[in-house]
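> Below, each chain spelled out in residue letters.
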Amino acid sequence: MLAYFIEAAQVLMANRTRSILTLIGLVAGVATIVSVQVAANGMAGAVSGIFKGTNASTFIVFPKITQGNAARAAFRVSDLALVQETIPGVVSVIPYSRSQTIVDVGHHRIRLRFGGESDKRFSTAPLVAGRTINADDVAGASSVCVISDNAFSRLFPEAPSASDIIGRSVYVGSKRYVIVGVLGKTKIDTAALGLDISTDVAIPYTTFYKNYQRGGTFPFLSVLAATSADLKSVEAQTVKLLASTHGSQYQAFDFGFIASIIGSFFNIVGLIVGAVGAISLLVAGIGIMNIMLVSVTERTREIGIRKAIGARRSQVLLQFFIESLLLSAFGCITGMLIGVGLGAIVDRGFIARISGVTGSIPWLEAIVIAVGFATIVTLVFGTYPAYRAAKLDPIQALRYE
Amino acid sequence: MNRADNVIDIAGLTKTYASGELQVQALRGLTFSIKRGEYVSIMGPSGSGKSTLMNVLGCLDRATTGTYKLDGIDVSQLDDNQLAEIRLKKLGFVFQGFNLLARTDALRNVTLPLFYAGMPAKERERRALERLTEVGIGERARHKPTELSGGEQQRVAIARALVNDPAVLLADEPTGNLDSKTSSEILALFDRLSATGRTIIVVTHDEGVAKRSRRILRMLDGVIMSDAPAGAPA
Ligand SMILES: Nc1ncnc2c1ncn2[C@@H]1O[C@H](COP(=O)(O)OP(=O)(O)O)[C@@H](O)[C@H]1O
Ligand SMILES: [Mg+2]
Numbered sequence: 010m011l012a013y014f015i016e017a018a019q020v021l022m023a024n025r026t027r028s029i030l031t032l033i034g035l036v037a038g039v040a041t042i043v044s045v046q047v048a049a050n051g052m053a054g055a056v057s058g059i060f061k062g063t064n065a066s067t068f069i070v071f072p073k074i075t076q077g078n079a080a081r082a083a084f085r086v087s088d089l090a091l092v093q094e095t096i097p098g099v100v101s102v103i104p105y106s107r108s109q110t111i112v113d114v115g116h117h118r119i120r121l122r123f124g125g126e127s128d129k130r131f132s133t134a135p136l137v138a139g140r141t142i143n144a145d146d147v148a149g150a151s152s153v154c155v156i157s158d159n160a161f162s163r164l165f166p167e168a169p170s171a172s173d174i175i176g177r178s179v180y181v182g183s184k185r186y187v188i189v190g191v192l193g194k195t196k197i198d199t200a201a202l203g204l205d206i207s208t209d210v211a212i213p214y215t216t217f218y219k220n221y222q223r224g225g226t227f228p229f230l231s232v233l234a235a236t237s238a239d240l241k242s243v244e245a246q247t248v249k250l251l252a253s254t255h256g257s258q259y260q261a262f263d264f265g266f267i268a269s270i271i272g273s274f275f276n277i278v279g280l281i282v283g284a285v286g287a288i289s290l291l292v293a294g295i296g297i298m299n300i301m302l303v304s305v306t307e308r309t310r311e312i313g314i315r316k317a318i319g320a321r322r323s324q325v326l327l328q329f330f331i332e333s334l335l336l337s338a339f340g341c342i343t344g345m346l347i348g349v350g351l352g353a354i355v356d357r358g359f360i361a362r363i364s365g366v367t368g369s370i371p372w373l374e375a376i377v378i379a380v381g382f383a384t385i386v387t388l389v390f391g392t393y394p395a396y397r398a399a400k401l402d403p404i405q406a407l408r409y410e
Numbered sequence: 042m043n044r045a046d047n048v049i050d051i052a053g054l055t056k057t058y059a060s061g062e063l064q065v066q067a068l069r070g071l072t073f074s075i076k077r078g079e080y081v082s083i084m085g086p087s088g089s090g091k092s093t094l095m096n097v098l099g100c101l102d103r104a105t106t107g108t109y110k111l112d113g114i115d116v117s118q119l120d121d122n123q124l125a126e127i128r129l130k131k132l133g134f135v136f137q138g139f140n141l142l143a144r145t146d147a148l149r150n151v152t153l154p155l156f157y158a159g160m161p162a163k164e165r166e167r168r169a170l171e172r173l174t175e176v177g178i179g180e181r182a183r184h185k186p187t188e189l190s191g192g193e194q195q196r197v198a199i200a201r202a203l204v205n206d207p208a209v210l211l212a213d214e215p216t217g218n219l220d221s222k223t224s225s226e227i228l229a230l231f232d233r234l235s236a237t238g239r240t241i242i243v244v245t246h247d248e249g250v251a252k253r254s255r256r257i258l259r260m261l262d263g264v265i266m267s268d269a270p271a272g273a274p275a
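From first to last, the protein sequence lines are chains A and B. Counted from 1, the first sequence has number 147 at position 138 by the numbering used here; the numbering is strictly sequential. Counted from 1, the second sequence has number 130 at position 89 by the numbering used here; the numbering is strictly sequential.
Keep in mind the hints are simulated off the structure, nothing from the lab. Quantities reported herein were computed from a predicted structural model and do not represent experimental measurements. Please note that a few of the clues may not be correct.
What the hints assert, rightly or not - Keeping only pairs whose Cα atoms sit at most 27 Å apart, straight-line, the calculated DSSO-like set for lysine-lysine is:
| no. | chain 1 | residue 1 | chain 2 | residue 2 |
| --- | --- | --- | --- | --- |
| 1 | A | Lys129 | A | Lys241 |
| 2 | A | Lys129 | A | Lys184 |
| 3 | B | Lys252 | B | Lys222 |
| 4 | A | Lys400 | B | Lys130 |
| 5 | A | Lys400 | B | Lys110 |
The following block holds chain A by itself, in its conformation from the complex (with noise of 0.2 Å):
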């Protein structure tokens, strides 16, 4: 047996350009398929690296797009203190307010998220300098701010630590906010994602309602829930009591929902690819195929001596079916260990540094997919050239040129 692969080693070597070129699209296809693997492993560890990394337990809810009244929709001050006080579970409710705005240092003037918290924090981003909002604040409407760790870098980037900056002040258009906490790295970069859920500059939201919405109403809550436990339930509660409030339908928004958003958008991608793959490795099936029989019809004489002297068949077709083995599994290898390297690229290079999560290699994934290719091609692909050469007449292939 171990002869039948040292031969057929040696027939592949003597054509060694012929192969390689045959193989191109087999180690392709797999490379594709592998590498989607990988990614997708790292982009699952991704995904539920960001959802750790950022505040469970809240929702927004806002009016359904599709009703006529917006202006009876929209949400008043009174509702805050509603659906706190109604429903069980709610720990605060807030204006939903993020705008991009130019902050102002004196020395720098940069564009950041600016917005409203509650002392209840939505925020999970740790504390490094100073204090958070607090009761006080909401309740008097003071104008203090508490700044992101990006806010921090960006506008005070030759201060030495984030406890030097406590009592400076930022300028948000006139208003002038005196600095009273900063908040450290976000496990998880949530922005470089498109979520923009971190607020870089946050003040009290009764302050942001003072100076930016007084008097009007406001098209989005924010609700932070004491649990993430049954946010569908309370969720469902709140819409139905603003409902019932405005005549009007709501609906809520989570992160939850977000992640099957993103878990679905891979999951097409995966399909795309992997529907990609299984065409490139049909058409490297043929080519492989086509291969071997131009090598059967090469070889005809040859076979035509092997069976003169005394080959059965069925030696003859193991011959031609290890070649086309080696062929493929070769190529399947190599496919599965560029796929492998593609993928950990993707993933170390990009997914990782977004997720802070790296994914592990699915080896055996990858194994399982390149044994698997190597054998299907081999057994699709590689059995009717080896019965081609086995059936030969030897007289005929013997007289053959």
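Please arrange chain B with the ligands on chain A, whose structure you already have, making use of the hints.
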């Protein structure tokens, strides 16, 4: 005459090729025997049926009717795999065009039948080298056919034909591609093999080649016209 001495026993052998409507009777009832150790040539004009007879004798093809016993085995009724086995164990072929595997060196060409017989690699190489030495080119064992002269290639082919110790050595125009000097070397080798008791059957056009054998079968239109010792008038 003791029938057990016969390595080949043929009776009423016919071969009809059916190509579409047309039927060609290539062999029309041959009956003859060849004793163990005989050195026989088969002669005849082109189209007389020599190649057809060689194919049947060589178990590459089956006769249409009649019986063929090779080394005591009735091979007329065997299937393809059984015929392959007979070719492997009982027959050795030498062709006009040598028919060596081009990419493979002399030694591995000679080991090929042993490989198909399932012999271990070490033993294969030992035996093959022995045969190559026997036909006088042991020192060329690691050369590929393209690096060998015609005469040397034919010696490799003879070594390969003999390596399984066959009952019959079949040669089809073995000197057809060789110059007269190498031809006579190959014929001398055949003489030597015959002297050691090999059964040899040679198909040839060449009276000079046929004269080296002990017995000549002359064919015409699918029948044997004469069967006489070499040296007898044709
Ligand atoms: N495969 C075949 N199909 C049909 N006719 C054939 C075939 N092989 C040989 N013949 C015919 O059989 C006859 C004997 O041919 P062959 O055995 O090749 O003779 P020789 O070798 O003596 O020249 C010829 O008439 C030839 O045309
Ligand atoms: Mg002929």
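> Are any of the numbered hints broken by this structure? If so, which, sorted upward?
none
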